[in-house]
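Trainee: What follows is each chain in one-letter form.
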Amino acid sequence: MNPSTGGTFDPSSFQKVWMETLSKMGLGGPPAGSGGAEAMNEWGKQMQRAYLDAMAKWSDEYMRSPQFLEQLKSSMEQTLAFRKQMEEFIGKASNQAFSGSLMPGPADVLKAVKDMESRMTSRIAEIAERVAALEGESVPKRKSAAKAKAKTGKKKGGKKAR
Amino acid sequence: MEHPFAAFWNACGSPFAAGLQTFPGLPGAADLQGWAERMKMLPRVQQIASAARKGATPYDVVWQSGPVSLRRYKSKVDRKHATALLCVFALVNRPYVLDLLPHKSVLRHFLDRGFDVYLVDWGIPGASDASKTLHDYIEGDLHAIVKHVLKATAQKQLSILGYCMGGTMSSMYVARHQDLVKNFILMAAPIDWSDKSSLLSAWTDAKYFDVDAVVDAVKMIPPDFLGTSFKMLRPVDNYINKYIGFYEKMTDEKFLEEFFAMETWSSDNIPISGEVYRDIVKYGFQQNLLVKGEFPLGGKKVNLGNITCPVLNLIADSDHLVPCGLSTPFKDCISSTDYTLMSVKAGHIGLAVGGRAHKELWPHAAQWLEERSLRV
Chain A
1 MNPSTGGTFD PSSFQKVWME TLSKMGLGGP PAGSGGAEAM NEWGKQMQRA
51 YLDAMAKWSD EYMRSPQFLE QLKSSMEQTL AFRKQMEEFI GKASNQAFSG
101 SLMPGPADVL KAVKDMESRM TSRIAEIAER VAALEGESVP KRKSAAKAKA
151 KTGKKKGGKK AR
Chain B
1001 MEHPFAAFWN ACGSPFAAGL QTFPGLPGAA DLQGWAERMK MLPRVQQIAS
1051 AARKGATPYD VVWQSGPVSL RRYKSKVDRK HATALLCVFA LVNRPYVLDL
1101 LPHKSVLRHF LDRGFDVYLV DWGIPGASDA SKTLHDYIEG DLHAIVKHVL
1151 KATAQKQLSI LGYCMGGTMS SMYVARHQDL VKNFILMAAP IDWSDKSSLL
1201 SAWTDAKYFD VDAVVDAVKM IPPDFLGTSF KMLRPVDNYI NKYIGFYEKM
1251 TDEKFLEEFF AMETWSSDNI PISGEVYRDI VKYGFQQNLL VKGEFPLGGK
1301 KVNLGNITCP VLNLIADSDH LVPCGLSTPF KDCISSTDYT LMSVKAGHIG
1351 LAVGGRAHKE LWPHAAQWLE ERSLRV
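Line by line, the protein sequences give chains A and B.
Counted from 1, the first sequence has number 25 at position 25 by the working numbering; the numbering is strictly sequential.
Counted from 1, the second sequence has number 1126 at position 126 by the working numbering; the numbering is strictly sequential.
Treat each hint with caution, since some may be false.
Straight-line alpha carbon distances no greater than 30 Å define the calculated DSS-like cross-link-like pairs of lysine-lysine that follow [unchecked claim]:
(1) A/LYS57 with B/LYS1345
(2) B/LYS1249 with A/LYS45
(3) A/LYS114 with B/LYS1292
(4) B/LYS1359 with B/LYS1231
(5) B/LYS1196 with A/LYS16
(6) B/LYS1231 with B/LYS1219
(7) A/LYS92 with A/LYS114
(8) B/LYS1219 with A/LYS57
(9) B/LYS1151 with A/LYS45
(10) A/LYS16 with B/LYS1231
(11) A/LYS84 with B/LYS1282
(12) B/LYS1040 with A/LYS45
(13) B/LYS1196 with A/LYS73
(14) A/LYS57 with B/LYS1282
(15) B/LYS1151 with A/LYS114
(16) A/LYS16 with B/LYS1242
(17) A/LYS45 with B/LYS1282
(18) B/LYS1282 with A/LYS73
Which bits of chain B does chain A cover? Going by a derived footprint, with three or more residues having C-beta under 8 Å, they are [said to hold, decoys possible]:
(19) 1203 to 1211
(20) 1214 to 1225
(21) 1337 to 1344
Worth flagging that the hints you see were computed from the coordinates, not collected in a lab.
Every residue gets a Cβ at the ideal spot worked out from N, C-alpha and C, and that includes glycine.
Given only the sequences and the hints, what does the whole structure look like? Please build it.
Mentor: Listed below in structure tokens is the structure:
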């Protein structure tokens, strides 16, 4: 983005980058005389580098421009709207055609609930421990927290794996 | 041995062949010979590519909770330091970049000096982790891991090394639990998002990017979305220069080994919980609340001023993902009197895997930690 243009992408910056590159490429010129194939190869590589550097510089500048960001925004909005429509369509279609068999199975739902429960239990146990410490009754409270954890059957927060 | 096509090409010695050589980019005889050598190399390339491993140093998994696990690395050196080192990587990509190859392993610098080294593996989150917040990761998993390490090492404190977003998360953790942390190493971690030099800052600008709409729609941020975004930060390097470099050096087996190790890691993208993404984009990139002491974590604000331990801040001069300006203001946010800044001429990932970083930076970083850790 060119700050001199007040935040809008200046097409002339595109021209400027490439003109600078072309002039750099032209200044060296191809090696004359006895350099042979190796010198030609080296010159070719230099031109290639100059070209790719210019391309990188220009693409970076372009991807910061409001034009690009506006395009990104509108493309994202379209994608999200399309996704929403597709989800609604697939949800309706699966309900009609397969009586909901494409919906998440009970195992998926159960796993999600178990994981959330595990996280919540762990947090509650931690809070209980803090409260107990504050009240000067840390030992009995810890035991009850441990019991609560054991009831859930989930080893959150410190299972030895090996 | 000369490729038959190259031999034919040379034998012609025609003005046509010579003419081609005057146009860079078009194949001359020398190019064709090189091409033939590279083609002969293809079976070996395939072998090396399929032999690429995810990490170089053996370890034990010593703690696990859901997808999150803790690795303890095995060392050939006797333990010399009582203070363990816990490494925390970002939630995007996998943590083995810190131990990519035997000669490019950050962890080995510390293992070889007798540190007890642990690495957090956040794992691959499933659909049930979509609602997991930054607070769940930091005050839940990370805190449980720290307690486990302290118990295992029979110590009251440990050292933490946080890389990239793992550094941001670690800084929040240290701010909340300074009493448990002896030393803190920050590695290319974004802290102050007022520096807008990264393209990511432009793309996440609240004017153009509605993070709530995205997270509400997708729940989990898909790995391809993140992977492509990172690659598009440097499209010419990632989509053109990389392959030119590969073609030019594909007869060098050491290069191939490093190339495929890196490719394996960079394409090993994982999803990220939508709620974590929302927190980082909204409170980090868009509102820059961490340096203001206003970043909300579990209903309370994070105050980096609580950090008083020795801090080593490692930055990469040419970091395009987390430019230095996002990390260096950390010094002004903390209360530590022992603060060291080290930089190296490298990119964001080069800080962990670059030859220069391993030669010029990591030996000094390991020494810094050695001088500040309790001995056995």
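Trainee: Against which earlier hints does the structure fall short, listed by number upward?
Mentor: Violated: hints 3, 8, 9, 17, 21.
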